[in-house]
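Undergrad: Since each chain sits alone in its own frame, please combine them into the complex, following the hints.
Protein sequences appear in the order of chains A and B. According to the working numbering, the first sequence is numbered sequentially starting from 1. According to the working numbering, the second sequence is numbered sequentially starting from 197.
Everything labelled a hint here was simulated from the structure, so no lab data went into it. Glycine included, each C-beta is placed from N, C-alpha and C at the ideal position.
To give an idea of the interface, some chain B residues facing chain A are shown, with a C-beta separation under 7 Å as derived from the structure:
1) 261
2) 279
3) 342
4) 346
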Amino acid sequence: MARGVGAGALLCLPTIALAHSPMQGIGEFYSGILHPLLVPAHALALVLLALVAGQNGLGAIRRCHLGFLPALALGLVLAGLGNGSEVKLEPALLLASVLAGLLVVLQWRPPLPLFYAAGAGVGLLLGLDSAPGDLAPGPAAASLLGTGLGAFTCLLLLADLSERARRHWQRVALRVLGSWGTASATLVFALGWLAA
Amino acid sequence: MPMNRLFWVAGLSLLLASNVQAHSAADIGGGFVSGLLHPVLGWDHVAAMVAVGLWGAFLGNPAVWLLPVVFPLVMAFGGALGLAGVPVPSVEIGIALSALVLGIMIVLAARPPLWLAGVIVAIFAIFHGHAHGTELPEAASPLAYSLGFVIATGLLHLAGIGFGLLVRWPLGRIAVRAGGAVIALGGMVFLGNAI
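Just chain B, same shape as in the assembly (with noise of 0.2 Å):
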């Protein structure tokens, strides 16, 4: 084929109409993916996120599924905040704090009322809420990526749960604490980054 031909057909060719998709499955695969992976993919969400299953666990029923549940409400309250552009300060410190404090929570088998662990986890959760919500809008489908984030907070506490059942068991109480001093620790760490 003659060479200015082939710049014709080839030049055509890249006027081709793709096909129109307004629900791309692909975005909303991807995005889903992407929230999932988010809150794994930051240690100091996944402090504590596994410390508020847990505390939740070591405190009993109904503490053991209400924080869980309390969690991505308040989350999402935060989110919506940094949405808005709400400052909250020191976002990164208050995520750090969370680790530490309630990792110190379980090393010590603190048994406040339920109220005041409710409320201890709700004001943590504007932090991590807060942090989300600002990164919310790159997604390339919202609420795939915010589902994706949500149902990993979610799995993060029941692995929380799951391991804090433990206690139970004399040995097993040992080891929910020793995770909980593990937590802490690395929310000093955590805490000196942010500082």
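Chain A on its own, in the form it takes in the complex (with noise of 0.2 Å):
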């Protein structure tokens, strides 16, 4: 009897708490690269970021990045020291995903110094928003690892592709991107401040 039930209670171990690891069996590192992508909010604010950067040019491009690693690298930090994940920061990222999918729709050329700002402001709430969860610090740092290069890759390859649309179609078809995904963080944005 006594075996029957210590055999029980070793089966009510609790497994690994996997707060972000949206996939199981990839281990943590690829995780942490999924990361950006699986979660809706980030990937949107990632992807009409990418755009809008992109469509005002290289330039605008470069501002971007320089300040979107240092803040995201900060986040990313301030996150795995547990100072990032109380604060729920969904509400921001669809605030700058509203803004930036307004400026992808109509096509307006913010000045140029503006985009260190956006790119800093992103990285920042991505990486406070990025909290591995209750991880040993070695998985812990693979996976805010794998989440800023998975970020950053993300952004660096949307940014480009959208600078290359040059063509009217093309164009049209980041402005309508940029709609879909404004009416997306939109209404979210609202379920989030109204509904409650």
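TA: Structural data, given as structure tokens:
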């Protein structure tokens, strides 16, 4: 009887809490890489920031990256230290998505220095909102490193693609994507603020 | 194994902790697919969305892309009104009217000024958005759901634009106007049901 109870009690040991591992079995680093793509608010903010930066040319992309990378690193470090997970940052990311999406739709060219701030803002929010949960220091660091790499690569590639979209139909496609992103972010932003 | 041991093990197994997933892929995927299917499963939405694309193609550049860009933006505004609990009178009638009016516009090959076409589409987008917005809180992943239905809406516009591009040929023009007539007839049926 005692052995049976012991075996049963062993079964009750909780398994590892994978708060930020959207796909099991691929390891913390690769989960981290996929994290910005699988969290809708992160993906939307990244895509729309990349589109608006690309639409405004190489100067805007460069400034955006220069603001984004250090702020993302800072946000991830703070999140890893446990300072980033308590505040709910999704509304701020959605607001950033709405603004970036509207700029894409209107194809308005804001002053270039604004892209430092836009990149830094989105990077910091993304980093802070990517806390790895209750992981041991090693896997947590791997997850954060993966998240940083995934987010920056995504911004890099999409901004480049957006910059290359120069034909009329390609610019129209960007506007359409901007309107879709803005509409989705507006609805969920409204859901968070108004429905509450 | 004696029965009492079996009960112990079975009972304790029920307490097994499962993995915690803050961003469950199933929730996100399910929310997205559910949102993607939502506009497609309502014939009144389908008819109106296709009509926006058809009319845009009929009006030519820049209406062909401007109307499908305006629609989701104003639809989001309508959705926000729905979420805020701001009442929009006769939402179902408005949705039915959107199919009827846009269908008639296509049948008549109406070419109003671009701003007027934009305003007409925007007014109807508020009704569609209001209907979607009130259903949003039930979604498992609201953002994935809203992305799904906005993309589905856009793809329905694209289907309308694709069909509408036939207006370049005389026979195609007749086919597009016939398509508008079918949409207008559908709108009359929806209106009858809504009233």
